[in-house]
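A.B. asks: These are the residues of each chain, in order.
Protein chains: 2
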Amino acid sequence: VKPRALFLLQAGWNELGADRFASPVYEALFAGRDSYAPESIDYFVGFRPEPGFLKTLPRLKAIISLGAGVDGFLRDPDFPRHVPLVRSVDPNLAIQMSEYVTLQVLTIHRHQRFFDAAQRDHAWRQRMLTRNAGDIRIGILGLGTIGNLIASRLRTFDFQVSGWSRSRKDVPGVKSFAGESELPAFLSQCDMLVCVLPLTHETRGILNAKLFAQLPEQAWVINVARGAHLIEDDLIAALDRGHLAGAVLDVFQTEPLPSDSPIWAHPRITATPHIAGITEPRTALAYVEDCIARAEAGKPLPNVVDITRGY
Amino acid sequence: VKPRALFLLQAGWNELGADRFASPVYEALFAGRDSYAPESIDYFVGFRPEPGFLKTLPRLKAIISLGAGVDGFLRDPDFPRHVPLVRSVDPNLAIQMSEYVTLQVLTIHRHQRFFDAAQRDHAWRQRMLTRNAGDIRIGILGLGTIGNLIASRLRTFDFQVSGWSRSRKDVPGVKSFAGESELPAFLSQCDMLVCVLPLTHETRGILNAKLFAQLPEQAWVINVARGAHLIEDDLIAALDRGHLAGAVLDVFQTEPLPSDSPIWAHPRITATPHIAGITEPRTALAYVEDCIARAEAGKPLPNVVDITRGY
Numbered sequence: 001v002k003p004r005a006l007f008l009l010q011a012g013w014n015e016l017g018a019d020r021f022a023s024p025v026y027e028a029l030f031a032g033r034d035s036y037a038p039e040s041i042d043y044f045v046g047f048r049p050e051p052g053f054l055k056t057l058p059r060l061k062a063i064i065s066l067g068a069g070v071d072g073f074l075r076d077p078d079f080p081r082h083v084p085l086v087r088s089v090d091p092n093l094a095i096q097m098s099e100y101v102t103l104q105v106l107t108i109h110r111h112q113r114f115f116d117a118a119q120r121d122h123a124w125r126q127r128m129l130t131r132n133a134g135d136i137r138i139g140i141l142g143l144g145t146i147g148n149l150i151a152s153r154l155r156t157f158d159f160q161v162s163g164w165s166r167s168r169k170d171v172p173g174v175k176s177f178a179g180e181s182e183l184p185a186f187l188s189q190c191d192m193l194v195c196v197l198p199l200t201h202e203t204r205g206i207l208n209a210k211l212f213a214q215l216p217e218q219a220w221v222i223n224v225a226r227g228a229h230l231i232e233d234d235l236i237a238a239l240d241r242g243h244l245a246g247a248v249l250d251v252f253q254t255e256p257l258p259s260d261s262p263i264w265a266h267p268r269i270t271a272t273p274h275i276a277g278i279t280e281p282r283t284a285l286a287y288v289e290d291c292i293a294r295a296e297a298g299k300p301l302p303n304v305v306d307i308t309r310g311y
Numbered sequence: 001v002k003p004r005a006l007f008l009l010q011a012g013w014n015e016l017g018a019d020r021f022a023s024p025v026y027e028a029l030f031a032g033r034d035s036y037a038p039e040s041i042d043y044f045v046g047f048r049p050e051p052g053f054l055k056t057l058p059r060l061k062a063i064i065s066l067g068a069g070v071d072g073f074l075r076d077p078d079f080p081r082h083v084p085l086v087r088s089v090d091p092n093l094a095i096q097m098s099e100y101v102t103l104q105v106l107t108i109h110r111h112q113r114f115f116d117a118a119q120r121d122h123a124w125r126q127r128m129l130t131r132n133a134g135d136i137r138i139g140i141l142g143l144g145t146i147g148n149l150i151a152s153r154l155r156t157f158d159f160q161v162s163g164w165s166r167s168r169k170d171v172p173g174v175k176s177f178a179g180e181s182e183l184p185a186f187l188s189q190c191d192m193l194v195c196v197l198p199l200t201h202e203t204r205g206i207l208n209a210k211l212f213a214q215l216p217e218q219a220w221v222i223n224v225a226r227g228a229h230l231i232e233d234d235l236i237a238a239l240d241r242g243h244l245a246g247a248v249l250d251v252f253q254t255e256p257l258p259s260d261s262p263i264w265a266h267p268r269i270t271a272t273p274h275i276a277g278i279t280e281p282r283t284a285l286a287y288v289e290d291c292i293a294r295a296e297a298g299k300p301l302p303n304v305v306d307i308t309r310g311y
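Listed in order, the protein sequences are those of chains A and B. Counted from 1, the first sequence has number 278 at position 278 by the numbering used here; the numbering is strictly sequential. Counted from 1, the second sequence has number 47 at position 47 by the numbering used here; the numbering is strictly sequential.
Here chain A stands alone, though its shape is the one from the complex (with noise of 0.2 Å):
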């Protein structure tokens, strides 16, 4: 008998067939369209369940999220803390991140909007690059396995990179710094700033007029995290004031970001929604039937959370 695996989708997943979640290893239930008796299920596979949800589900061996971040799962008072719940680590979230991020940090570099706007005049304007890349210097808030990569794409191009983390890494050719009491140095040197945290009470609301104040002069935000990050109206502030030269902003505190907000129109900020990474329905199902796979054969699960830290 297989063990039975619950899904609760989401927008973009639930138009693919049920073919692509058939698996030799798990009997793949959907929540909402399938019936089954609560006790019968093994697992849990999704995003955001409602808070609640998961607590009426009370054999649960494994959670599996098939996001990066968790903090959909944390939010929840009654989430089962006795269940390991994992995170999705997908190398293609990774790259795809990386890309994004090279892109907009290249756009910003090279004025790519200054010639958009000279294109749509019709005008011949030429304009110098400000400095070299090696010249410029680039932060990111979390150095974890995007972080990483993130990192090393753009080291590729000469930047300079520094990283800010919890804990202190050793990642080649990238300044590492640590903790609450290294922020402030983090931050004074940062020309571009790339938060790719994990959402927890303690980064909730970290972009925020403080923080921003300890930027250097016209630096960038580019924010491909968590829309609880950033304190929206701290940013815009923070823009109009001219202290900061722009931001890159591809998650919202509300998503779909609604059509009357003030950021799609801002002169100086690019608005994406929430694809610099998008999980790749063929990778999350594989690394989901890996998972269940040594739960069942009694090996330890990858990549489990641990609740405390939150992530």
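Hints listed in this document are in silico derivations from the structure and should not be mistaken for laboratory results. Every value quoted in this text rests on a predicted model; they were computed, and no experiment measured them. Honestly, I wouldn't trust all of these hints.
Because identical chains cannot be distinguished in the list, a pair is counted as satisfied if it fits within a single copy or across any two copies.
As the list claims (entries may be wrong) - Derived lysine to any residue pairs resembling SDA-like cross-links, with alpha carbons at most 25 Å apart:
| no. | residue 1 | residue 2 |
| --- | --- | --- |
| 1 | Lys-299 | Gly-310 |
| 2 | Lys-175 | Ile-95 |
| 3 | Lys-175 | Thr-156 |
| 4 | Lys-169 | Thr-156 |
| 5 | Lys-299 | Leu-60 |
| 6 | Lys-61 | Asp-19 |
| 7 | Lys-55 | Arg-81 |
| 8 | Lys-175 | Gln-214 |
| 9 | Lys-299 | Leu-129 |
| 10 | Lys-175 | Pro-273 |
| 11 | Lys-210 | Ile-236 |
Since the structure of chain A is already known, use the hints to place chain B on it.
C.D. replies: Just chain B now, with coordinates in the frame of chain A:
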């Protein structure tokens, strides 16, 4: 007595103070400003002298191009073919070109123009990637110093890279096609085509209707070489017929691109004002000084152009 170098400058360089040209190796004079006896000039340094001008300098020991392309010299029917012509090989120029091409390739791959349009509409429009980078084939026309660095930067992102050149090249991870006979096979496997060829009588107008027809459906064309490589009307026809998906142009038949050119407003062309690679005065002048010092010491000059070949 120091040898005399005559500089012919162009837009951007004219604003530089004369002290930037001061050197222990040569005495700098400026065409159109200083008076001089033509036979007293030992070296000519500049971009695009008027046809016939160089033959008025009878004692030249070398001609040094400030740009990487020397088509602006070889167009002169009276070019003094017995004088060595040195082309600028600025490592910084190759770096800049590789940044520009990577930026444009990632912009296409990541649908950034689609998201720009969505932002203008204040609309949350998600879109999956068409393919992973590893499934996108990029072909580089011209595998010299610049083409090589572009290939290597694109390989970092796992793009499939091939190159076409007159003679076969051995670049790690890059499939090499050589000569006229292998051009069709090369073109048939280019999802994106990047032109960094030197402009010669063999490559003038190479980006034409016949070439576009040999590219796969929905291919992209990126021209960062010379405007005269491209038949602009053929490009627009191939775009409008829907065979090509889009183009990125940094160089044009006429520069500055006239404000009434249909290129500016074409929805599937990105146009920038010849800024992919900007010769940096500091680097270029150090190169000029090194060339003249070598020539004066009787050492061989670097990067002497093969006049018959044209680069």
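A.B. asks: Next step is simple, just say for each hint if it's right about the structure.
C.D. replies: Going through the hints against the structure:
1. For a Cα distance limit of 25 Å, the shortest separation of Lys-299 from Gly-310 inside one copy, 23 Å, qualifies, whereas the shortest one across copies, 66 Å, does not.
2. Taking the closest pair of Cα atoms, Lys-175 and Ile-95 come within 25 Å of each other both inside a single copy (21 Å) and across two copies (23 Å).
3. Within a single copy, Lys-175 and Thr-156 get their C-alpha atoms as close as 15 Å, and across copies as close as 22 Å, so both meet the 25 Å cut-off.
4. Taking the shortest Cα distances, Lys-169 and Thr-156 sit within 25 Å of each other both inside one copy (19 Å) and across copies (23 Å).
5. Taking CA atoms no more than 25 Å apart as the test, Lys-299 paired with Leu-60 passes inside one copy only; the shortest distance there is 16 Å, against 79 Å between copies.
6. Taking identical chains as interchangeable, the C-alpha atoms of Lys-61 and Asp-19 lie at most 25 Å apart only when both belong to the same chain, with a minimum of 24 Å there against 75 Å between chains.
7. For the identical chains of this complex, Lys-55 and Arg-81 are intra-copy neighbours only, at 10 Å inside a copy versus 85 Å across copies, given an alpha-carbon limit of 25 Å.
8. Taking the shortest Cα distances, Lys-175 and Gln-214 sit within 25 Å of each other inside one copy (18 Å), while across copies they are farther apart (48 Å).
9. For the identical chains of this complex, Lys-299 and Leu-129 are neighbours neither inside a copy (54 Å) nor across copies (35 Å), given an alpha-carbon limit of 25 Å.
10. For the identical chains of this complex, Lys-175 and Pro-273 are neighbours neither inside a copy (31 Å) nor across copies (36 Å), given an alpha-carbon limit of 25 Å.
11. Only within a single protomer do Lys-210 and Ile-236 lie at most 25 Å apart by alpha-carbon distance; the minimum there is 13 Å, versus 51 Å between protomers.
Hints 9, 10 from the earlier list are contradicted by this structure; the remaining hints agree with it.
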